[in-house]
Every structure is written in C-alpha cells, then in structure tokens.
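Undergrad: Residue numbers (this note's numbering), protein chains in the order written: chain A, 4 to 296; chain B, 38 to 781; chain C, 30 to 192.
Heads up, some of the hints might be wrong.
Dumping the calculated DSS-like pairs for lysine-lysine here, alpha-carbon to alpha-carbon at most 25 Å [stated by the list, open to error]:
#  : chain 1 : residue 1 : chain 2 : residue 2
1  : B       : K262      : A       : K195
2  : A       : K14       : C       : K191
3  : B       : K470      : A       : K287
4  : B       : K145      : A       : K14
5  : A       : K287      : A       : K243
6  : B       : K331      : B       : K321
7  : A       : K163      : A       : K287
8  : B       : K201      : B       : K405
9  : B       : K186      : B       : K609
10 : B       : K145      : C       : K36
11 : B       : K491      : B       : K331
12 : B       : K250      : B       : K491
13 : C       : K36       : A       : K55
14 : A       : K289      : B       : K470
15 : B       : K250      : B       : K297
16 : B       : K174      : A       : K55
17 : A       : K163      : A       : K243
18 : B       : K626      : B       : K609
19 : B       : K297      : B       : K262
20 : B       : K438      : B       : K192
21 : A       : K234      : A       : K195
22 : B       : K470      : B       : K192
23 : A       : K243      : A       : K162
24 : A       : K155      : A       : K55
Rather than coming from a laboratory, the hints here were simulated on the basis of the structure.
Below, each chain spelled out in residue letters.
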Amino acid sequence: MRAYLPDYELKTPRNLNEALAVLAGEPGVWRPFAGGTDLMVLFEAGRLAHTKFVNIWNLPELRGIEVAPAHITLGALTTYTDVQAHDVLQSEFPLLCQAASETGGLAIQNRGTLGGNIVNASPAADSPPALLIYDAELELVSASGTRRVSYKDFHTGYKKMLLRSDELLRSIRLPRTTTGLQQYYRKVGTRKAQAISKVCFAGAARVEQGEVRDIRLALGSVAPVPLRCLKTEEFLLSRKLDEDAISAAGDELAKEIVPIDDVRSTARYRLRVAANVLQDFLLKLKNGESLTI
Amino acid sequence: MTDTLVGKPVPRKEGRRKVTGQSRYIDDMSFPDMLYGATVRSPAPRGRIRNISFTDDSIPWGEFTIVTARDVPGANYVALILNDQPYLAGEFVNHPEEPILLLAHRDKYLLEKARRSVRVEVEPLPALFSLDDSLNKKEIIWGEDNVFKTFHVEKGNVDEVWAKADVVIVEGEYRTGAQEQLYIENNGAIAIANAQEGVTVWGSMQCPYYVHKALLKLFNLPDEKVRVIQMETGGGFGGKEEYPSMIAGHAALLAWKSGKPVKIIYDRAEDMSATTKRHPSLTKHRTAVTRDGKLLGMEIDFVVDGGAYATLSSVVLSRGTIHAAGPYNCPNVRIRSRAVATNVPPHGAFRGFGAPQSIFALERHLNKVAATLGLSAEEFRRRNFIREGETTATGQVIREKVDLGKLLDRAFELTDYHAKLERFAAGNVVSRKKKGIGFATFMHGAGFTGSGEKYLESVVGLEATAEGRVRVLAASTEIGQGTNTVFSQIAAETLGIDYELIEVSQPDTAHVPNSGPTVASRTSMIVGKLVESAALALKQTLVGHSLLSEEYTQEDFRKACAQYIEEHGPLKTFSKYQAPPGIEWDDEKYRGDAYGAFAWAVYVAEVTVDPLTYETRVDDFVAVQEVGRVIHPVLAAGQIEGGVAQAIGYALYEQVVWQDGRMINNQMTNYIMPTAADIPPIRVFFAEQPYAYGPKGAKGIGELPMDGPAPAILNAIENATALSINYIPLLPESLMQEMEVEHV
Amino acid sequence: MSEATGKVGVRCSVNGEEQRLQVYPMARLLDVLREELHLTGTKEGCGEGECGACSVLIDGVLVNSCLVPVLQIEGAEIKTIEGIATDEQLHAVQEAFIACGGAQCGICTPGMVIAAVNLLERVPEPDEAAIRNGLAGNLCRCTGYIKIFEAVVRACQLNGEKA
C-alpha cells in the first residue's frame, strides 16, 4: 500500500442532496467515490492525487433499473452483476450484458458500477462501446439542477468529459430502439478473463435486401476516448454489403481510429484487429450468420 | 498400521490449516514494538552514486532508522557463488532496482512516504540491456568481457561431421524471454538482531541455509549466532531461492541498527520489478544428420542473460547446457555456453533452471531438422531416442530402462494424435480458425548437477518421542509442492507406523540439520531418500538395542521408543547423503554422470489460432512422463498440472516489458498469467519405473513440467499455421506480424 | 469524524461478531481485517483487485477486500475465511480442497475457498464453464486450476450426500 492513509478523507452523506451540497460547497475539493474498483487501484499504487472523497456507494437515489415503455434507466451505481441479472437488458441490450460479463472477475463485477466505468473515462473501458451504440443518454445532477447529455458527446478528450465538479452522474438512459438490430460485441483482451481490453468493439446493424439500413459502430482502446465510429457508419449506411464494401469499411475505420502503443499492446495490432473485428461483424451480417462468438 | 502409504493420496499434512486460513505466512506475524522496513533503490541502470538527500521537511527524518553501505557490520555482499552482489550499493549501481539505502519506522504509511522522498543522484554510465549487446561487448560492464561463466561440453568429434558426404546440415536460432515466478505470496522477512543474541530471521523462503550462510558473512558472526526460520511459504518456483537472502539481510541490518524487530514485506510491484526472473536466452543450433534421419553431429551455442550480478547464473547455465542436447543419441556433440551480464536486475532460479530455455530451442529445432529431411517430427525423433546403454552429451551412460518410444505411443493414443493431424489439415483448408497439434520429447535431471550433491553433504534427522511419534528434521521447505506430506509418507511407511504419527519440523536452522536447498527437483528423490535412511536407522537402533524385533506393531514401536528414551535419552538418528554407486563426474571437462536419474516425458498440445485476433488458445494438453515411483498421485499430478500452466504462460502470455533495464509492467494487471478461464484440460499420466536409489523408487518431478509445454505449443502452432516461429513468449502482437510477413 | 486523528467510527459484524472500529475511512478492509481484527487468513497478493487472494463476502457478496475502503462496510456483515468452517466442521468446499489437492502453497486458498463457497451458494451445481467463470477472478500459480475445479465438483457431491 503506497498511499499515505492519513492524507485521505472519505465521508458518507445521508442522501443525494447532501452529497450534491458537499460537491457544490467547495467546488473541485470533493469527488465522488463509488465501488472503488478503479480509484482504489490508484490509491494503493500511491498515484491517487486527489485526497477528498464523498462516498456515494450507499445512495439509493443512484441505484435501481427502471423500465419504461420507451426507455430503460439504469442508476449510475448499477453494478456489472446487476446488469447481467436483468431480463430486459439481456433481451434488448445484450452487448451491455456481455460487456459486463467480461469486465474483471466476479468480485469486480459485484463492485464496479456502470456510472463509475463512464466517469473514470478510461478509453479501454468495456461498457462504453455498448453504451455508445445504444445511443445512451446521461442524466447529470447538481445542487443547481439536472441536465441530460448524449453519451456520444460526453467524452471530450483523454480523461476529459462534460461533467462539472459539482455534478454527479445520476443515471444512464437507453432508448428501447434495438428491435430488429443485429448486435455484435467482441472484447479482445490480454487473456480470457480478468483482462483489460486491447480492442473492444460493439456493433449493431439492420440489413435489408443486402443493404445496410441502420449501422452503429463503437470501439474502445483505439483512441483517447471510447469512440462512436461515425465516419465508418456513414460510409456503410445505404451501401450494399458486398466484399468490396466490407474491405473498404476496414480502411475507413483505420482512418477514423488512432490507437497507441502501450504496455498491453501495439498501435499496429489494435489497428489491424479493430478492422478485422469490424469485417468479421460485417461478413457475418452479409452471410446471415449467428453473431455470437 | 499400513505398509502401502506410498502411492496413496493421503491428506496433505498442513491441508486443514491452509483451507481454514490458519497457516502462518510471514506477513501474518508481528512483534510488539516492531518497525517496518523499506528499500530505496537506484534511479538509474548504471552509474556512480553522487549524493543522497532527504527531501520533504514534513517528514520527521530523525525518527527513522537509516542504513547505508557504511553500516554493514561484516562483508557487504550476498554470499552465494561469486559474492559480487552487494547488499547495499556504496559507490556504483549496476541495475535500476539496486538497493542503496534502507529505512525503518513504526508507521508503515509514513515509511512509504519517506521512501519516496529520498533523492539519490547518480552520475550515469553507459548501460547494456540486451544479451546481444553484452555478447558484442558494446560496453564492458562486468569483469573483462561481460561473461560470468562459460561451459564447454565435448563428445566425439563434431568437427569431422560437417564435411562428410551425404549429410544434411540444418541451422537455427531460438530465443526465450524473461519470466516472472509470480508466486502469489510476495517476498518478506522479519528480523531481530543485536550483538548479544545475534541475528534471527523469519521469512518466506525455499532455502533457510542459504539465508543462514549469507547472514553469517553480512554480520561476521559464528554459526550459532545466526538463526533462520522458514514461515509457511506461498509459492516459490525458484523465486525464493536466492533473493530471500537479500531481504533477510536488509531486515537484519535495520534491526541491528534500530535494536527493534523489523519487518520488510514487498508489495507486488516491488516484488515483480526488483526480484529475480527467469533468464532470457539465445540458442544457436547447427545439426548434421544422415539422409535417413540419424543424428550425426550437434553444435549448440547457448547464452543466457544473467543480469547485473553473477548470483546463480553459472548453475542455471550448467543445467541449461546439460539439457541442451536432449534425450537423443548423437555421437558427436559440442555445446558451448555463456552467461553474460546486462544492467537489469539479476535473473535467477525459476523452475526448470535453464533447461526450459535450451529444451525449447532443441525441440523447435528438431522439427525443423525433420522437415528438412522430409520426415515427420515423430519419425525423426523415434530414430534418435536415447536408449539404455547409450550416452548423453556429457557421456553419461543411461542405465535406466528408458523407452521414449513407448511414452510417445501412449501420448499419441491419449490425444488421438495421428487422426487429429489429418483432421486438422483437412479442416484448416475451409475453416477460418486454424487448429494444430504438436509435441515435445524431453528429459529432466533430478538433484544437483554433477558433483553438487556430494559437495552439499545433506543431512536429515529423525526424532522419536516416548509416545511413539516421529518428527522429521530437515531444512527442506514446504512451499506448496508437498514436502511435509511426502516426507511423512516415506517415514511412516519405512517405520511401519501411521501417517498421522509423523510430523515434519518447521525448518529452523537452530533445530534442523542442513538437508540442502529446496530446489532442483531434489526434495523427494534426494532428501526423501535421506528420510528413508534415517527411518531405517531409527528402526535399527531400536532393533539393535533389542527393544524391537523385525516384526512389530505400532504399540511395540511406541513402547520401544519410550523404553529407549528412558534408558538412553533422546532418540534421534541422522542420515547423510551418499552418492549412488558408479556416479562419476569431472567438473573440469564437464563430463560424466550429470544426474543420478532423469525423468522422461512426452507432452502433446492442441491449439487453435484465431486469425481475427491472432490469439492462440491451448485446447487440450496431455503430459505423459516416467518419474520413477509416484509417491503421492494427487500431489504429483498437481505438480505437473501447475508446471504446465506456468509453461503455457511462458509460451503465450507472460512478457516482461523492459524500459532501460526496469520492468514496467510490474502489476498483475499488465503481466499476464493465465486465469482459470485460460487453462485447457491438462491430462496427466505417469509411467512408473522404480529408481533403485530413490526413496521407494521415486525420482524428481517438480521442474519437469516446465520444460516441454512451450516447444509443444509452438510446434502445434506451426502445425496449425505453417509458421515456424522460434521465440517465446509468442503474443498475438507478434503472431500478427508473422502472419503478415507470410501474406506478403 | 475525529479531527485530531482523521479516524472515524465504523460498526459492522465480522463472522457474526459485532465490531466497533476506529479507523481511517480510506483504510482498506483487507488491512482492517488483518491488522485491527487479527484475521490474517485473508491475504494480500496484488493490492489491485487482480488476484482475489483477499476475497471476502460483504452481505453475502464476493468482493476483493483490498478494493473496499472500510467506511463502506458500515452496518454490513462480513464473512472471512475464518468464518467458513463451523466449530470443528469444515465446509464441504474445504473438505474437497483437501481431498482433491486444491490447495498447494495455500496463499490463494482462502480467497479461492471463499469464491467457491460463494459460487455454490449462487449455483449449487455449476458446470465446468460456470466453475471456470466463477473462479476466474482468483489467480493460482501452483495448481494450474485443474485440482481446484475437481474440488468444486467434489464439494457439490459432498453437499449432495449431506442433503
């Protein structure tokens, strides 16, 4: 344990309003602390620069999954385990469930939260690609009010996001518009389980008479932020899904992503595998094959 | 009372303590008034220390115990072989994790803050980070030529074979990477040390007497003033062979200066970056074969990267050298080997100890030789397997009834090898994913190399109580492999008493004789034999005093012990190592009987390569081996399975990422060992050919499973993809490049 | 919060015993168990939630205790390896680990046993995939996992025999 323990403060507010008041009271001084699966790792390595935290783990206002006719709303503290256990998510948002099942081991899935995964803003996180293709919308709350932002606009740069220091991510809303979409998720990690992704891909599409009618593509670990690949989508939309298009889509994707070398993999590998996985998705769509891996 | 304990899966001696969390590891122990210790390391890979300063005025530096090279009471080196590694660097540093200064304080959080606030300034000197640069003498960083040790093995006359008519010559180059042992319990020690009582150290370790020897020199104390006690040890794999001497010394230096007990526990990051790893290697083969597939000559150049200090590199090199020509009959062999210096933390012992490196090279190379000849990998090996009466590279005559062909038959039958070869070849034409099957055949020598066991002169004691209980006194450590259980089985069976009546003493140099280090697959075979002899001696003592007849019950035994103790005092017997007859070794020429016995094996791996992600998955693994008599089938299979899993990691997952001599992926998140989801079924089969000089016929087993999997897997990848890849670890990133080259 | 020391009071139950702790709020549950309560069966392997050696149950949920700040266990029920066996009676998982050779060096064993106990509570008869998945967050360097899988299967049988 490399942190100097007495330097750190953690306090538990009684309710959401009190938590928001603490955040607003001393702007930038207090930060939220949820399941701890990311922050504790930094803390133990002696690399957690921030020292004052508000414990939001027990706030009921940030928990629960609500199903409405038009959308489903997940509290920010929804854990990966909660995600996998939910019937509607399993049937309509299977990629999110698959991402949750491939994040860490069970103990991590029990503590890691969807909200934490979003605001930790790691480009290698497993759930963002799925959230991106589901057109997720985030509800941000503060003492001065509530606002909604589209998730695809949320990450603005490496570890930068549209979240003020007085705000908390309260919930994630997914529109129930996945009917008729064929969905595909592929995490390429350093091993089968308990791995950080080297490339993480989520795709959904509707193909009619061999032509792409709807397409949503997102990738993790290939850019400073989780990336919705809008240019590649645009290229594919309304296009006949033949071998030329599939091959060219790979080239389009390569122009859109900017992977890097790090201790886990290489830019070259990420670039190539991202294109391979996209092409595998498209090929399976074209051939009408099953999209489960 | 039973006489069939050996071969039975009796419950592990300390099993109950382990499954209930009651076992005491070093970090579970503490003393009142204890301080925590930390190590300040070099900021640079090589250079001259210019200045040390203590920054951050908020830290009460006056409360800290601070130790530098100047505080060493005795000799400032870790006594091992060449004694070139200092406990604390004084003037020069030679690798980026080199200890320079020690700190102790009662508050471990403040200690860590202080550790980060010590500034060491080093005037940098040019450093070497690769084996190639060291060989090329890009800089001289150790001795006159960067070479710690060389060996030269010569059999027949290899120079004559190259020019012979009708020979086929095949060359190849093979590389292996570093590997971290990654025992789940990090290293640690607690010391109490002062001039009156001497030095006592408790720790996680494999070799209490190595630590003992090192502390004698460090403090310049007589034998009886140094005491070393092994706590329950959470895995070693070689990683706790020599480095515990360093940590024990550091804890003891801080304890000596502060007058208080001092505990040093490494965290994972420090353990991974600062302690030893497996030696990276480069092997070059040049092989002459006849057109009909008989080995004529082998010339092997084997180099290992030893890191910054000599430590155990010479011994690792020795084992790698002797295993480099494998279990094959070749009349002319030359092996030249070198261990060279680089400015990375010293590499050290890791299960297999040089053999996995040179065997990887050979078992890949022989596939190339076979392919060049147009023979199958199988057929070529069958024509060259060593047999009883033939000689190894060092001229050792094989006296065992070894039949590798039969092991191969068994392994192929279990894996349906031939049918799979055909099925995969057909399937790969149409399938995106490529499947392959491959194998390796190999041997591993048990016990210390050459004269090693003779020099060690290991001793084991047995002590009986008036209640008829018997305690085994040995310095051999239980590190998970089952020492306590196996010793108890051997003692109980030899004495004809219940397994429950045997207990194994905690290794404590004040109470147990030196039975040698717990390394080299020697514990069951060599030390187990001493347990057996000591048990026989105990029985003979009672019989000799007419307290026991040759036939007796457990109750007779108890009474005999009680009576002996009443009449003569403590009942203890000791047994000292004696070489089996006919074992000859010439250290100068490196010729003769390198090992008392070898274990023989055939391992088969089945893989799937996914060209989408370039990932290789091992789908099935079969390990067939002849290890003499199996003393405990569950423990023995556990050894093989665990070794195979480590070797799968070695082949496909575990890459040490270096930056200027420092491991930068020193976290379990980024250094990738296989999880429960990554390991294939591992099917283990033993052929048992009792070894006349092993206890109850047993041979060594622990390291064997590390040798074969990597080449078997790469051979399987070659079968799947037609790519001949001659290095490990083979990560998807590398396989992608290989596949791209193939496409161009 | 006591301003002088920065420590706070936390109440919880550990292995059925009520505890009142005075601790730094960010102290790791792992350290509190080991150092304040002297329950040293819970081990530290990596300190980053990767190896599972520090696994414990919080209100029946499997967690890595190195990733839990102690403030977050206020009011919770913690179960550690020391609370798995009852008196002299080992849990079926513990018996099976001994019988099948699931424990070698023993350092991952407490966490592995906790994870296996938790798995069988959720899935009484797991298939091989479920066992691998359920234990994938617990690293073992000794066994190659095979004997651990066998132990989980054996524990199911033992549970069946007792039922």
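Undergrad: Failing hints, ascending?
TA: 1, 2, 7, 9, 11, 16, 17, 18, 21, 22, 23 and 24
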